[in-house]
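Novice: Sequence:
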Amino acid sequence: MVPCLVLIAALCGGSIAGVIHTPTHDSTEFARSIHIVQSNDDGWAEANARAFFNRLTAAGHDVVLSAPALDRSGTGFFDIPPKRLSVFSGCEYKSCPPRSPATGHNASNPRLNYVNSFPVTSVRLGLQDIAPKLWNGSTADLVVSGVNVGYNIGLQVYGSGTDNVAMYAARHGVPALAFSGHHGERVAWNKPMPRHSTIYADVAHKLTSAVIAAGKPYLPDGIWLNVNMALTSSKCNSAEKFKFVLTKIDMSANLGLSAFKHPGRPDIVRKYEKKCVVTVSVGRAGLPGTGVNADKSDQDIVAKKLSGLLTKTNRFKKQNMEWADTYGNSKMKTRHIRSRAKAFYASLIAYYLSLSFTKISILLQYRRVFSTKRFQMVCYVVLAVVIAYAFWTVFSSIFGCKPIQAFWTLEQPFNCLDQYVRVSSVDTEAPLSRRNIELAGPDVRQSPCCDVEFFRGQYWYRVLVSTLSTTFDHSTASSHKGFMAGPESTPAMSQTPTEPIAPAAVQYEKLTLADRMKKYEASFDFTLPLTVPTILRLDGHTFSRFTSKFHKPFDQRIHDAMIATCADLLKYFPQATVAYTQSDEITLVFPAGVQNFNERVQKLSSLAASYCSVRFNAHLAAFLTTSPEPQVKESGYNALGTAHFDARFFQVPSVEEALNCMLWRCRGDAVRNSVNAFARSHYSDKQLHKKSVVEVLDMLRKEKNIEFEDAVPKWAIAGSLVKWEQFEHEGVNGKTGEKEVTMRTRTRVEDRGVREFSDSNLKLVTQKFW
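Residue numbers (mature numbering (1 follows the signal peptide of the UniProt record, and there is no 0)): -17 to -1, 1 to 753.
By construction, these hints were calculated from the structure, which means they are not laboratory data.
Careful: at least some of the hints might be erroneous.
To be verified - Here are the simulated lysine-lysine pairs, DSS-like style, with alpha carbons at most 30 Å apart: (1) K66 <-> K77; (2) K554 <-> K685; (3) K532 <-> K685; (4) K189 <-> K287.
Stated by the list, open to error - What follows is a set of in silico ranges between Cβ atoms, one per label pair, in the way DEER data are often shown: (5) Q539 <-> H665: 17 to 25 Å; (6) E739 <-> V715: 41 to 49 Å; (7) K77 <-> S506: 23 to 31 Å; (8) F740 <-> R528: 33 to 41 Å; (9) R727 <-> A505: 23 to 31 Å; (10) S121 <-> R655: 39 to 47 Å; (11) S16 <-> S743: 46 to 54 Å; (12) R727 <-> T514: 31 to 39 Å.
C-beta: ideal position from N, C-alpha, C; glycine also.
Starting from the given sequences, assemble the full structure and let the hints guide the process.
Specialist: Below, the structure written as C-alpha cells:
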C-alpha cells in the first residue's frame, strides 16, 4: 500500500510529506477506529498536542481536541467556568485574538477546540458538550492527555494538569491515558514540527493502539495510565527503539531520596535515558488530590492487556541494586525505611509551611518599614484570622444557609432559605421560615444540622458518595436516602433506593434558578471574532406584498427611504465602511469586525433588524408626506409602520472575499431582483415561473417591445452605494469671531454598484471615506 501511495504522489508531482507517515505500523492500526477526546495542560496550540492529534487522526480515529487556550501547566484539578479572553492578549502563540470568546475552534477544523479555563474544565466540556455535538450525540470511547512538555512523575502527578485530565475522565467512567515527554522545549503549532514531537506522537500512538487492540473495556473501571517517555536522541530516534516498562508512581521521585525508592518507579526514565525507556504507571482515580497508585490486581489486568508491548524482563541495575518485578516486592526490605520516610515527609511539610509564612511576612512589608522579625507575629495573626474566617464562611454556608460566592463555587444546600426556595404545601399562608421550606427528606425538620438524614439529602454529600462509589458496594451506597435526580424530586422518590447519580448529570443542579436560566441563554449566544471581515445583510420580510400597495414597478420614495436607512445604519454601526442597497436588501461591510455589543451575534442581529425596521418606517412616512404623488392605495397608508427586516451576520476570510460578496450582490443578485420586479408588472407569476433572467428580458423585448435598461431607472438595476465623505465647512469661531474652515463628515450616495474586482473597489470596502 505504501509503495503505491509513494508512486501516486510522485506522479502527481507533490510532496508526500503529510500524506504518508513514514514509520512502519502494525497491520491492525486501521482495524478499529474509535471516538477519542484529547486534552493537555500546555495549551491547544502546542506542537506536541497537534502532532499527537494528527497521528491519531491519520490512524483513522475520530479525535476531538479540547484543550486550554493558554498554558495551564501545574493547575491540578482546578475546574471553573471558562471566560472571555483578555483585551490585552489572546490564546497562546497568538492562535486566537484578544477578546475571543470563552470557547472556540479552528476556522478550518472544528475538531480543534480551545477552552479558556483549566485542563480539567477543557476535558469536561469536551466530553459533555463539544465532542457529542460533532459526533451526533455519541460519547467518547477514550481520553488521551498530552503529549506534555516535560515529565510528570512522583509528586508532580498531583499538580499536573495533564494527569488530572486523565484522572477526571477515569472518575467519570472513560478510560484515559496521560502522556509526557522528557523534552522541555515548547514549540508553537505553526512552527516547523520538532523531531521529538513526531517521535513522541508515534510512541504514544503505539501504546494507544495496543490498549485499543486489547478490546473493551480498554482499562478497568476508574483506572488511568501515566506514561513518561525518555529523552529522544540519535539512538532513541523512532518509536521502535523505545521499550515499555510497567511501573508504579513513586512519591519520593522528586525529593532525591535514593534510600526510599520503590521497585519500578517512573524516574527510571531519568536514570536510564539511553535505554529509550517508556514507563507505564497504573493509577486509580480517587477524589481530587488523593492517592494515585492502583492495587496489584488492576496492575495485573493492565499487564495482561499490554503483554505484547511490555518488556519481558524489567530489571535495571543501579549501585549493585537489582530491581524486582515492576509491581512486585523488592528484594530489599524497606519497612523501617518507610516509617522514617513518613517522619521525613511530615518534617518536610512543616519546614515548607514555616518557610512560606516567612516569605509571606517579607512580602507583606511596606517598603521594609517593619523588620521581618517584628512583623512575623503580626503576619501569623493576620493569616490565622483569614484562615478562621474562611472556615467560618464555608461552614456557615453549609450549616447556616448563608449564600457564598467563592473561587470553588460552593453551592447552598437545597433546603436553604433564599430567594429561590420552594414553599411547602403544609402551610402556604404562613410566612417564609425554615419550618415551611420543603426539605430533601420525607418530612420537615426544624434543625437539620443535628440530623444525619439531613446530610444525606445534601448535594455535596451525594456527590462525595457518588465519587467514592467505585470503592463502595453499590448495594450499600444506593440504600442511602437522598440519591435523587434533583431538588424537584418528591419525598416518595427520595425514599426509593437508586444508583448514585453521576456528577456530570447534575452539572446544572447546583446552580440557582437565575443562574441556570442565564446558562441556557448563554449556550446559544455566540460571538464574532475580530480577526476577519464581517458582512451584515438585511432583507425585507414579505416586501413584495408590502410594495404591491405602492407605485409599480418601482417607487422612488421607497428607494429614498432605503437610502436614508443606510445612512442611519452607518451611524449606528461606526465600524461599517460602506452600505449597499438594491430592492429591499441592504448590505454593510465591516472590514475589521463589528466591535459592538461584545460581538454577540444574537444581540447584533436583533438590534440590526429592529433598528432598520424602525428607521425605514419613519423615513417612508416622511417621504410620503412630502411627496404624495404618485398616489398610494389606502391599504398602503394602513400598512405604514408594518414593514420589517430580518438580519444576519456572517464572516468571510479576507477583505478580498468581502469585495467578492459585493460583486455577487451587484452583478447577480441585484440584476435578478430588478428584472423580476419589473417583469411582474407585465406578466403573471405563472408566466414567469422557472424563467431565467435572460428569458425574461427576451420576453419583454419580443412580446412587449420594452428595452429593460431604458425603461428602468439606474438605481433600480445597479443599486446605490452609501459611504461617508469628508468636506470643508466654513464657519465662524464663537470665541474669536473669525471665519474658520473645518473638516466635517456626511454620507454621500452614488447610484451604482460594484461591477469589477479592482484596487479602487478594495479601497471602497476597506477605507472609511470616499
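Novice: What hint numbers does the structure not satisfy?
Specialist: 2 and 9
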